[in-house]
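Novice: What follows is each chain in one-letter form.
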Amino acid sequence: MSDARYRPNEVVDFIVVGAGAAGGVMAKELSTAGFKVVVLEQGPWRQAKDFVHDEIAVMYREAFINDHRKQPNTFRKTPNEPAKVQPAVEYARMVGGGSVHFTTNYWRFHPEDFRERSELGAIPGADLRDWPITYDDLEPYYTKAEWDLGISGLAGSNPFDGPRSKPYPLPPMPVKSSGVLFERATKQLGLHPFPAPVAVLSQPYRGRPACIHCGFCEAFGCEVGAKSSSLAALVPLAVKTGRCEIRPNSYVRKIDVGKDGRVRGAIYFDAKGREIFQRAKAVVVSANGSETPRLLLMSKSNAFPQGLANSNGNVGKYLMFDNGALVVGLFEHPLNEYKSIVVTRVLHDFYRSDPKRGFYGGGGLDSRFDYYPASFALGLMPPDMPQWGSEWKRAVGQYYTHMGGTLAHASCLAVEQNSISLDDTVKDAWGQSAMRVTFKNHPDDLKAVDFLIEKQKQILETAGAKKVWVDASSVGEITYSRHLMGTCRMGDDPRSSVVDKWNRAHDVPNLFLVDGSSLVTCARQQPTETIQALAYRAAEHIGEAARRGEI
Amino acid sequence: MHINLTRRDWMLAAACWAEVLRAQSSSKFAWFDPVMAAEIEAIAAQIIPDDETPGARQAGVMWFIDGALAGYDQDKRELYKRGLAETQAKRAQMFPGSANIAGLSGAQQIELLKAIEKTDFFQQVRQHTILGFFGHPKYGGNLDMAGWKLIGFEHAMSYKPPFGYYDAEAAGGNQK
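Chains as they are written, first to last, in our numbering: chain A, 42 to 592; chain B, 1360 to 1535.
Each hint should be verified, as a subset may be incorrect.
To be verified - Computed cross-link-like contacts, DSS-like style, restricted to lysine-lysine with a CA-CA straight-line distance of at most 30 Å:
#1 K507(A) <-> K118(A)
#2 K488(A) <-> K498(A)
#3 K1508(B) <-> K507(A)
#4 K125(A) <-> K1435(B)
#5 K1508(B) <-> K90(A)
#6 K1473(B) <-> K118(A)
#7 K1508(B) <-> K125(A)
#8 K1473(B) <-> K507(A)
#9 K77(A) <-> K542(A)
#10 K1477(B) <-> K481(A)
#11 K1477(B) <-> K508(A)
It should be emphasised that the hints constitute simulated quantities derived from the structure, not laboratory data.
So that you can see chain A by itself, here it is in the shape it has in the complex (with noise of 0.2 Å):
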């Protein structure tokens, strides 16, 4: 089948901005139901060849992610102050997004993260909702992701886990010595570790090979296309549809509205910084929780002066971040952590909130050491050691081999102020008016954190670990996050949400922002696998809508 190409003055179906974990859902569940469909991505489009072993590109060069030189955000902690540049947000700015080079943990949600407002009641300083969906609801829609992806994982074996309508497609992925240390010292403390469910090939799946194990995998692209990306699972079943085009390094600066207040397509710089107009009879949004907001705060127009879809002002509010601290130790024989994946086992004991511990949230922990030569050697040799000189360099050629930790997911609460909005004194490369980021932990966030360190702690002291310590710089107030949620809340009240439970605009009948934007709450962060389920509830809906005429 030959590529789609489309003229921009074509009336396509559809745009979708964004090809990353939601935008690649919707392109390939749209395209196979029969729709033209446009993808207008702002990064390049990458091949698996392009994934390369080198940290200092991937990890001190941003080759992978949004270049905060040409692409500068403001932050501040509260609208009180004054915002100063300084990297805020991250996300993988290329076809795929962050599914390219994310650790693969692949959560679902638990049924009670869906209605805690409900069972909580109201947490002071902070907005906790309800979902207007439930458990239940999106429950076809995580195994539809699994098993259309390539999940690995045993079901059935996390006994917190929601009912599920059908295993994983995959055996789990072997278990590391991380992951042995860290199951062995749980079970000894009377809780329920299990294996992590990982968006990575155990086996080979449906064309695709399996993980071959080579250590480069957070943070990088899969060089064998066995991580379970957009850009590896769905993206070529999309084009091969020949009604799907995948347009590279455009980036979209506005949606455009008509008269009568619905989306006629979207405006973008190609990558010779042409503008371009590309028409279309709706628009999806996966742009992801920063960029989706910033886009509709910028498109703005006589019908919608504060921006698309806000004619509340909740376009940008509620912002959520990644949340938890990494620990970790040293133990007597050679762990070798740096191959194969991050993550094998997991423990969901401490993920519900318990009012008896006197704040909200809780977290998932997994057991990983994530560092790759440089950035351990940089910062995560044990503070009360000298860090640089003979003595240094002795035990950084002991402790790479020999460590092992857990990294805590933990809650992070919806609380209005922390937001994402227009900085007009600053500017990208596109001459676009910056992103404002202004966020501040509320305080239970942090003591979620606190109270995970003690069990992750506890778990590392068990297991063996000659020597335990925090990764300083996991812990304290966030400034920065690769987990960008909430920005255009899921409700059915049009004054007080932005998209309805179907993730259609309340302002905009042909818009649709499916993302980390729409996520009411955060539950215990590793949130891909419910922005990939709610997308393909939502594409499948949208669908329907689209053949009934009714956007």
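Got chain A; can you put chain B on it based on the hints?
Specialist: Chain B in isolation, oriented as in the chain A frame:
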């Protein structure tokens, strides 16, 4: 592009880089002048000393730092110039009569660096030294994979389980 290579091919490629880099050592830096290079190298060589195993000097970290300042990290040049000038002033104050950092004894160099280790300049040189020493050899540091050998990082292109002692043990093996 080395992803399609076998491990043997990769080792050969790495050996070629090493040759290229050795050849470089007779050529000139892209940004450093020789005087400044000698001073920065003296600092880098205390951050990662050459002792029983290669350190920053033997691994060619200066080539990495020079490449960074000539390219991606151009905006750090001023920090290097200003930081080095301030460090020279500190040296003159701590060791009257000394001419340069490279000429100090090892113990004096360590004393000087301890006095400035909280500065942005020292932290930047430390970052560059470590990135060069542990980063990919193609950037000029980590010659002969000295940094990776130090920490026991194999850098094979793929592995098979068991990966470490404890998973081997759990699988019933007895890996040393």
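Novice: All the hints need checking, so say for each whether the structure fits it.
Specialist: Checked hints:
1. With a CA separation close to 38 Å, the supplied pair K507(A) and K118(A) exceeds the 30 Å bound.
2. A C-alpha spacing of about 16 Å is found between K488(A) and K498(A), which places the hinted pair at or below 30 Å, so the restraint holds.
3. Only pairs whose Cα atoms come within 30 Å are accepted, and K1508(B) paired with K507(A) is accepted, the gap being roughly 24 Å.
4. At roughly 20 Å between alpha-carbon atoms, K125(A) and K1435(B) fall within 30 Å of each other, so this suggested pair holds.
5. Of the supplied pair hints, the one linking K1508(B) and K90(A) holds, its CA atoms being roughly 26 Å apart against a limit of 30 Å.
6. For a cut-off of 30 Å, the pair hint linking K1473(B) to K118(A) is broken: about 34 Å separates their Cα positions.
7. In summary, the hint linking K1508(B) to K125(A) is not supported, as the alpha carbons are separated by about 42 Å, beyond the 30 Å threshold.
8. For the given pair, K1473(B) sits about 29 Å from K507(A) by alpha-carbon distance, which is consistent with the 30 Å threshold.
9. Among the hinted pairs, K77(A) with K542(A) is consistent with the structure: their alpha-carbon atoms are about 24 Å apart, no more than 30 Å.
10. Among the hinted pairs, K1477(B) with K481(A) is consistent with the structure: their alpha-carbon atoms are about 27 Å apart, no more than 30 Å.
11. For a cut-off of 30 Å, the pair hint linking K1477(B) to K508(A) stands: about 26 Å separates their Cα positions.
When held up to the earlier numbered hints, the structure conflicts with 1, 6 and 7 and fits the remainder.
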